[in-house]
Amino acid sequence: MRKSTIYDRDLDISTDDNWLLHRLEFDVILILALISLGALGLVIFHSASGASDVLLHKQMLRLGLAFALMFAVAQVPPAVYQRSSPILYLIGLILLASVLLFGDIGKGAQRWLVIAGFRFQPSEIMKIAMPMMIAWYLAHRPLPPRFKQIMVAVLLLSIPTVLIAKQPDLGTAILVTASGATILFMAGMSWYLILGVVAIGAGCAPILWHFMREYQRNRVLTFLNPESDPLGSGYHIIQSKIAIGSGGINGKGWLKGTQTQLDFLPESSTDFIFSVFAEEFGLIGTIALLTLYLIIIARGLIIASQAQDSYSRLLAAGITLTFFVYVFVNIGMVTGVLPVVGVPLPLISYGGTSMITIMFGFGILMSIHRHRKFLPS
Amino acid sequence: MAPPIVHIRNTPQEKRLFFSRVVIAFILVTLFMIGLVIRLVYLQVDGHQHYATLSKQNRIKIAPLPPTRGLIYDRKGRVLAENLPTYSLEIIPEQVSDMQQTLVHLKQLLHVSNEEIARFEKLRKRQKSFASIPLKLALSEQEIARFAVNRTFFQGVDIQARLIRSYPYKELTAHVVGYMGQINEAELKNLDMNRYGGTHHIGKTGIEKSYEEILHGRAGYEEIETNAQRRSIRTVGTVAPLPGNNITLSLDIDLQKIAYDALGERNGAVVAIQPDTGEVLTMISKPGFDPNKFVYGLTTKEYAALQASRARPLFNRTIRGLYPPGSTIKPFLGLAGLHYNVVKPSQTTYCPGFYQLPKLKHKYRCWKRKGHGTTNLLKAITQSCDVYFYNLAQNLGIDRIYSFLSDFGFGKQSGLDVPGEKAGLVPSRKWKRDARQQPWYPGETLITGIGQGFLQISPLQLARATAILANGGEVIKPILVNEQTSLTQTSQTEKDTLEKLQLRPANYQTIVDDMINVVHGPRGTARKIGKKISYLMAGKTGTAQVFTVKQEEKYDDKILAKELHDHALFIAFAPAHAPRIAIAVVVENGGHGGSAAAPIAQQVMDHFLASDNQQINTSGKPALEPET
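Here the protein sequences line up with chains Y and P, keeping their order.
Okay, so the first sequence: first residue is 33 according to the numbering used here, each after it adds one.
Okay, so the second sequence: first residue is 3 according to the numbering used here, each after it adds one.
Read the hints as simulated data drawn from the structure, not as lab findings.
None of these values were measured; they are calculated from a predicted model.
Ideal placement from N, C-alpha and C gives every residue a C-beta, glycine not left out.
Heads up, a few of these hints could be off.
As the list claims (entries may be wrong) - DMTMM-like mimics (lysine to aspartate or glutamate), calculated; alpha carbons at most 20 angstroms apart, straight line:
| # | chain 1 | residue 1 | chain 2 | residue 2 |
| --- | --- | --- | --- | --- |
| 1 | P | K259 | P | D278 |
| 2 | Y | K288 | P | E225 |
| 3 | P | K303 | P | E117 |
| 4 | Y | K90 | Y | E299 |
| 5 | P | K17 | Y | D341 |
| 6 | P | K432 | P | D409 |
| 7 | P | K534 | P | D263 |
| 8 | P | K109 | P | E84 |
| 9 | P | K530 | P | D608 |
| 10 | Y | K288 | Y | E299 |
| 11 | Y | K180 | P | E16 |
| 12 | Y | K288 | P | E227 |
| 13 | P | K58 | Y | D295 |
| 14 | P | K109 | P | D160 |
| 15 | P | K211 | P | D419 |
| 16 | P | K58 | P | D48 |
| 17 | P | K63 | Y | D295 |
| 18 | P | K58 | P | E227 |
As the list claims (entries may be wrong) - If we take Cβ atoms under 7 angstroms as the criterion, some of the chain P residues that face chain Y in the derived model are:
| # | residue |
| --- | --- |
| 19 | F20 |
| 20 | F21 |
| 21 | V31 |
| 22 | R41 |
| 23 | L45 |
| 24 | S57 |
| 25 | N60 |
| 26 | R61 |
| 27 | K63 |
| 28 | Y198 |
| 29 | N229 |
What the hints assert, rightly or not - If you anchor each label on the Cβ, the simulated ranges turn out as follows:
| # | chain 1 | residue 1 | chain 2 | residue 2 | range |
| --- | --- | --- | --- | --- | --- |
| 30 | Y | G82 | P | V238 | 17 to 23 angstroms |
| 31 | Y | I281 | P | F21 | 35 to 41 angstroms |
| 32 | Y | F134 | P | T32 | 42 to 48 angstroms |
| 33 | P | N229 | Y | V184 | 50 to 56 angstroms |
The task is simple: from the sequences and hints, build the whole structure.
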C-alpha cells in the first residue's frame, strides 16, 4: 500500500502510446467510464429530445465544455482548492441570498441569477462549494470530528440548504445537504451521532412539511399514491413507470420507445431521461447503465482512499458519494420509490449547469488523483 | 485532576478510519444499487405485461371503418337502395372545450335545429368522447362553404363525408325494401360492436331489416397511433371492412310503378307472384311514404303526422293488412267441393236471391237480390253467386273448408323473407272454442263460404294461394331476394316447392275454365278487362264487406261513409294455361272487384307478359343492365 502511494500501479503509463495521459496523469478508468457515460447520454438524449439535431448539438457542446473544464480543473493542485474553499463558500452564500432578492423566476421558482448576461443557478456553485467547505473545516482538525465540530458543520450545511429550499429547489437542497453530510460520514462521525441525526431528521419531518410549498407537498402526496391524481401530479410517475415497465428485458429499441416518442412521458429529456433509456433498452440496458455508474463511484472511492491528506480524501469521497446520491435519487424517483424532487440524471439529463458542476467535481477528483504522489505522506 | 484532553492528529489511524468508511460507503452504495435493480426487475420483468398493455392502450386508438352496405337491385338490375355520399357536420366531443358555446354558435351559423341538437346529445351519451358524432346531416353546398370559412373557430368540429342510404324510387319501395334509421338504444344493446363499429344506421323494416346481416357486412378498423394529446400520428394497422353483399330482388320496379299508379288515389295492396318459383314480382302497399326521410331521422312532428294519418301510410298492407277475401275465395271452395266430391261441375243449385238454413228464418242474401236462378259451378264462379256457395259450404262443413283453405296457405304466414307478416285467420271449430269459448254455428260456415265472417287474409296470402292454384297445387314459398352477390361470388336463392297438393287435374281444369270465364265470358264479373287483353287470363273478383248491412236493409254506398265502403278484390293468373304471373289486388273501400281491382291487375299483367315475352323472344335471358 505504501508502495502504491509512490508508484502508480493503477496506470500503465510506460508505453509511448499513452504519453499524453502520462504527462497529464489522468485516471484512465475514470476517464473512459465518464466518456462512455457521456456518449451513452448523447445516444439517449437524441431519442429523448425527439431526434432534434439542434438540441443534440447543444448538448454535445456542453458535454465537450464540461470535459474541457474537467481537464482544466484537474491541472490545479488540491491545495489551491483547499485554500479557496471558504472564499468559494462565502461567494456561494452571497449569490444565494441575492437570488432570493433579485433572482429570475423560472417555472414558479427563483433559481436563476443573471450576471453580465450570463444566466446561471448559484445553487449549483454550492454543490461544489459545500463539500469543499465541510472538508476544509474538518481537515483542519483531528478526525474523527467531535460533537462541537459536527454542530459547526451542520450549521455550515444548514444555511445554504435553507436558502436553496426557500427558492424553492428541493432537489438541489437535498444534493447540497448530501454533499456535506457524506463528508461528515466519511470523516468518521460516530454511529451514535448518525443515528441521532437521523432520528432528529425524522422528528423534523412535520416541521419541514409545514414549510413546504404546495407543489412540493403534492409531489410527496402523489409519490405516496400516484394513482390518486393520474392527470395531475401523478401523471409523471405513472407514465414513467409505464415507460420503464413496458421496456421489459430487451427494451423497445432505440428511438422506438412509444412512451417517449409520442410524448406520453413528460420531461423526457431532463429529469425523466432514465425512463426513456429503460423503455428503449430494457432491463439489460438499465443494469449496464447502473454498472457504469457503479464503476465511476468505485473508482472515485479508490481515488479518495489513495489521497494523501485529509482534505483531499474527504473531498474526493464527498464528490463521489454526492454523485451517487444524484444517481440514486433520480432513478429512485423515476421508478417510483422516491418522491419527484427534480434531480437530474448525472451526465445524461439535458441541461448545462448540472453537467458543468459534476464535471468540475470530477476535475477535482482527477486533480487529487494526479497530485497524490507529490504530497508528503 | 484529569489532564486536559489534547487532540493530536493520528494520521495512520485517521487513514484506517477513513478506509473503513470507504468500505462501508461502497457496500452501502452497492446495496442501494441492488435495491434499484430489484425495483427495475419488478417493473420490467414482473410488471412488464401489465405496463406493456398500459403502454399500448396509451398510444393506440382504434378507429372503426364502417363497411359499405350492399346495394339492393330489382330483378332487372335497377338500384332500389344505394349509398350516396353526403356531407355531415360532426363533432368530436373531447376536442371541444366548451360544448354549449360551440352549439350556440353552430346554431347561428348553420341553423342547426333544437331537434338536431337533442339527437346529437342523445348520441353523444352513448359514444366514446373521441368518436365523431354527427350533428347536422346532409349539408348543402352553401352550408359547407359557410362552415369552411369559419372552421378555425370551431375546434373539434368538422365536415365529414359519409355514405347515406338513398331510395331513388321512394314510395314505390317504401314497404317492401323498407328503410334504414339511426340505431336506437334497444338495438345498440344487441349489436356486435365488432361488426357495427362506426355505423350509425341499421335496417328498420322490409328487406333492409330481414337481410340486415347480409347487407351490412363487417366493420374494419384502423389502429391509429396517437400522442399524449390524442392527436393521430399515423396509422399502424388497418383491417379493411368487409362490404355487405348486394341483393337482387325478384321485384320489378316497372310493375311496382304500374301497380302504384293504377291504384290512383285509393288505398290498397297489389301482390304479384311468379307461380312456378314463388318470386314476388310486385308488392305495393298504398299509400306509401318517402323512406329517405327516415334515414335522416324524422322530426317528432313528421313522425306523429305519419302515425296519425287515417290512411296509415306506414302500414304495410301487403303482409299486415287483413281483409275478408270475399268472393275471391270461391274458386278455392269450388275446388274443395270437387275435391271432396260434394258437387259435380254440372250439379245445380237454385238461387232465389237468398239462402236459408233448414228450420231457420234468417235469410243469407245473394249479392243479386233477384237471384241467379238455376246455377251450376261455372255460373256460380262466373257470376259469383253467393247462394251456390252457401249451399256448397253447408255441404262441405267447416272442418273440410278449414283443412282445404289451410292447404292453400290461408291463415298462416307464408314465410316471405321480410318481417312482420300477419297470419290472418281461417276459422275452425277449435279456433272458435279456444278464442271465443263458443261452439261453431252453422251460419258461420255459410258466410265463410263467401269469404266473409271470421275469414281474414292478407293480400300476400291471397296472391300466394292464387299462385298455388295456377301451379295446379304446387305449394310455393314466396321470396323477394333472388340472389346475393358478395365480392367473390353470387348465390341464387334456392326455390323449392314445399309440397304438392293432391288435386285431380280434371277438377283443377274445371276451376281454371270457370275463372277464365270470369274474365272472358260474356257475363263474367271481370268481362270489362277481358275485352282489352290479348292473352288468356283466369281471374275472380271479390267484394268484401266492411260494414254489415242489417237484414232487410240495402247497402247504399251513397249514404255510407267512405271508410265503410266495400273493399274491392281481384285475383288472377295468366296466361291461364301456362301461368307466368299470379296476382292479388285489394282496393280498400273500392267498391266492386270487377271495376275497381281487376283493371289494376290487368295493367300489371299486360306489362309483365309483354316485357317477359320480349325477353324470352330476343335474348333468352333477362336483361340485367341497370338503367342509367
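Of the numbered hints stated earlier in the document, which are not met by this structure?
1, 8, 27, 28
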